[in-house]
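The numbering used here puts the first residue of the sequence shown at 1, with every later residue one more than the last.
Simulated from the structure, these hints should not be mistaken for lab results.
Some clues are possibly wrong.
What the hints assert, rightly or not - Listed next, the in silico DSS-like pairs over lysine-lysine satisfying Cα-Cα at most 25 Å (straight line):
{"hint": "1", "residue 1": "Lys60", "residue 2": "Lys70"}
{"hint": "2", "residue 1": "Lys20", "residue 2": "Lys39"}
{"hint": "3", "residue 1": "Lys161", "residue 2": "Lys20"}
{"hint": "4", "residue 1": "Lys39", "residue 2": "Lys70"}
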Amino acid sequence: MTTDREQYTPGPACGAQIRKDGEQWTLILVRELRHAPEKVWQALTDPAHLREWAPFDADKSLGTPGATVKLTTVGAPTPQVSETRVTRAEAPRLLEYNWGGNDMRWELEAAGGGTRLTLWHNIDRRFISMGAAGWHICFDVLNHLLSGTPLGRIVAGEAMKFDWPRLNSEYAQQFGKEIRD
1 MTTDREQYTP
11 GPACGAQIRK
21 DGEQWTLILV
31 RELRHAPEKV
41 WQALTDPAHL
51 REWAPFDADK
61 SLGTPGATVK
71 LTTVGAPTPQ
81 VSETRVTRAE
91 APRLLEYNWG
101 GNDMRWELEA
111 AGGGTRLTLW
121 HNIDRRFISM
131 GAAGWHICFD
141 VLNHLLSGTP
151 LGRIVAGEAM
161 KFDWPRLNSE
171 YAQQFGKEIR
181 D
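Use the sequences and the hints to build the structure in full.
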């Protein structure tokens, strides 16, 4: 019997753009989900949900403004632990915190019976296409989790088995000259 995980292949690179403000680069990813903002919010803030799809573990909820939360990267040769303070948490619409020195802003907007999820991630220009490819897979895993058909987290080296190199290349082509100059 094959599992959903064995059959999973990410679709083409899409829903991503980049912005440059001075020396600051921001990766913006938009994904339409068929689930209510409240359900998506829980997946973005609850440590048990994050363990199923995100590239980091959280030691407590990210849903409380001012909370200090430890985020630990998953799948890295040496787990990186960064302490963050939740700067904004307005359930179920807006979540902001810093991960590993990069600002993260999640916007949730009710759209067509589901949620338009937008991630704004400040990221080093050299890693933009890699980040887009990684988040693409994470968002697919998130969507499966919310749909009740969890694939299990796919991050770091394991993503290589799930077409991450193709996605990285496609995003690099989409962003093109902007990220190479």
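Starting from Lys161, check that the Cα of Lys20 is at most 25 Å away, please. It is violated: about 31 Å lies between the C-alpha atoms, which goes past 25 Å.
Agreement of Lys60 and Lys70 with the hint, judged by alpha carbon distance not exceeding 25 Å: Holds, at roughly 8 Å.
Does the alpha-carbon distance linking Lys20 and Lys39 stay inside the 25 Å limit? violated, 32 Å
Hinted pair, alpha-carbon criterion (25 Å max): Lys39, Lys70. Please report holds or violated. Within the cut-off at roughly 23 Å; holds.
The structure shown violates the earlier hints numbered 2, 3.
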